[in-house]
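Heads up: the sequence lines are chains A and B, in that order.
Residues in the first sequence are numbered from 19 upward in steps of one, following this note's numbering.
Residues in the second sequence are numbered from 1485 upward in steps of one, following this note's numbering.
No lab work stands behind these hints: they were computed from the structure.
Remember, predicted model here, so these are calculated numbers, not experimental data.
Misleading hints may appear alongside valid ones.
[What the hints assert, rightly or not] Once the Cα atoms are required to be at most 35 angstroms apart in a straight line, the calculated DSBU-like pairs of lysine-lysine come out as:
| id | chain 1 | residue 1 | chain 2 | residue 2 |
| --- | --- | --- | --- | --- |
| 1 | B | 1596 | B | 1554 |
| 2 | B | 1596 | B | 1487 |
| 3 | B | 1554 | A | 27 |
| 4 | B | 1596 | A | 75 |
| 5 | B | 1596 | A | 27 |
[To be verified] Sample of chain B residues with no beta-carbon within 12 angstroms of chain A, all distances over it, derived:
| id | residue |
| --- | --- |
| 6 | 1498 |
| 7 | 1526 |
| 8 | 1540 |
| 9 | 1544 |
| 10 | 1550 |
| 11 | 1589 |
For glycine and all other residues, C-beta sits at the position ideal for the given N, C-alpha and C.
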Amino acid sequence: DSGVTQTPKHLITATGQRVTLRCSPRSGDLSVYWYQQSLDQGLQFLIQYYNGEERAKGNILERFSAQQFPDLHSELNLSSLELGDSALYFCASSPPRLAGQETQYFGPGTRLLVL
Amino acid sequence: AQKVTQAQTEISVVEKEDVTLDCVYETRDTTYYLFWYKQPPSGELVFLIRRNSFDEQNEISGRYSWNFQKSTSSFNFTITASQVVDSAVYFCALSSNTGKLIFGQGTTLQVKP
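Take these sequences, add in the hints, and give me the full structure.
Below you can see the structure in the form of structure tokens.
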């Protein structure tokens, strides 16, 4: 158990809908990262937050957005869902160190299926 | 651009065999960090090791060992005396000053009894 929690574990929804994925980092970690794992793209970095501020952005679609709240939990919002958004979404957290030196600990993931 | 290549898509071994998973990386950064993660059938990503670019010492942890060679841009992972519980997908990853992880495509290891 990494100490990172993600809810829900599974999510089934329809095209065009909007969903919210939730992540709670490990105690003491200030950074939260979101990754998408799909069969065709592999594991892709989406976005990083550090202590409430956006720090880095990857190949995140405009239909996707995220935020980190004062209690450090984070939410990833996916809207206008398409079939291709079906994937395993991971959240990771890391302790406060210099950028790049952190070890990221991953949550169990949220498996999203868009029908 | 940064890139991680795991050329072995799938490896199948019989229990107690040794197996090496290859990882080759590309980066122009002088300071970077290399990682291995394990993804068992249950799906979670489990951290195994982190290596700094300025520390080329090899590391051993039980049946696991890692060989880091900057000259060939490789960071290979060896499992000695493999066990069925080692069956998983293994990912090599790279990060530099941005913090984001660049993952390889993963190697699926199947250990048969």
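Hint by hint, here is what the structure shows:
{"no.": "1", "hint": "B:1596 to B:1554", "in the structure": "holds (33 angstroms)"}
{"no.": "2", "hint": "B:1596 to B:1487", "in the structure": "holds (31 angstroms)"}
{"no.": "3", "hint": "B:1554 to A:27", "in the structure": "violated (39 angstroms)"}
{"no.": "4", "hint": "B:1596 to A:75", "in the structure": "violated (41 angstroms)"}
{"no.": "5", "hint": "B:1596 to A:27", "in the structure": "holds (30 angstroms)"}
{"no.": "6", "hint": "1498", "in the structure": "holds (28 angstroms)"}
{"no.": "7", "hint": "1526", "in the structure": "violated (8 angstroms)"}
{"no.": "8", "hint": "1540", "in the structure": "holds (17 angstroms)"}
{"no.": "9", "hint": "1544", "in the structure": "holds (19 angstroms)"}
{"no.": "10", "hint": "1550", "in the structure": "holds (15 angstroms)"}
{"no.": "11", "hint": "1589", "in the structure": "violated (5 angstroms)"}
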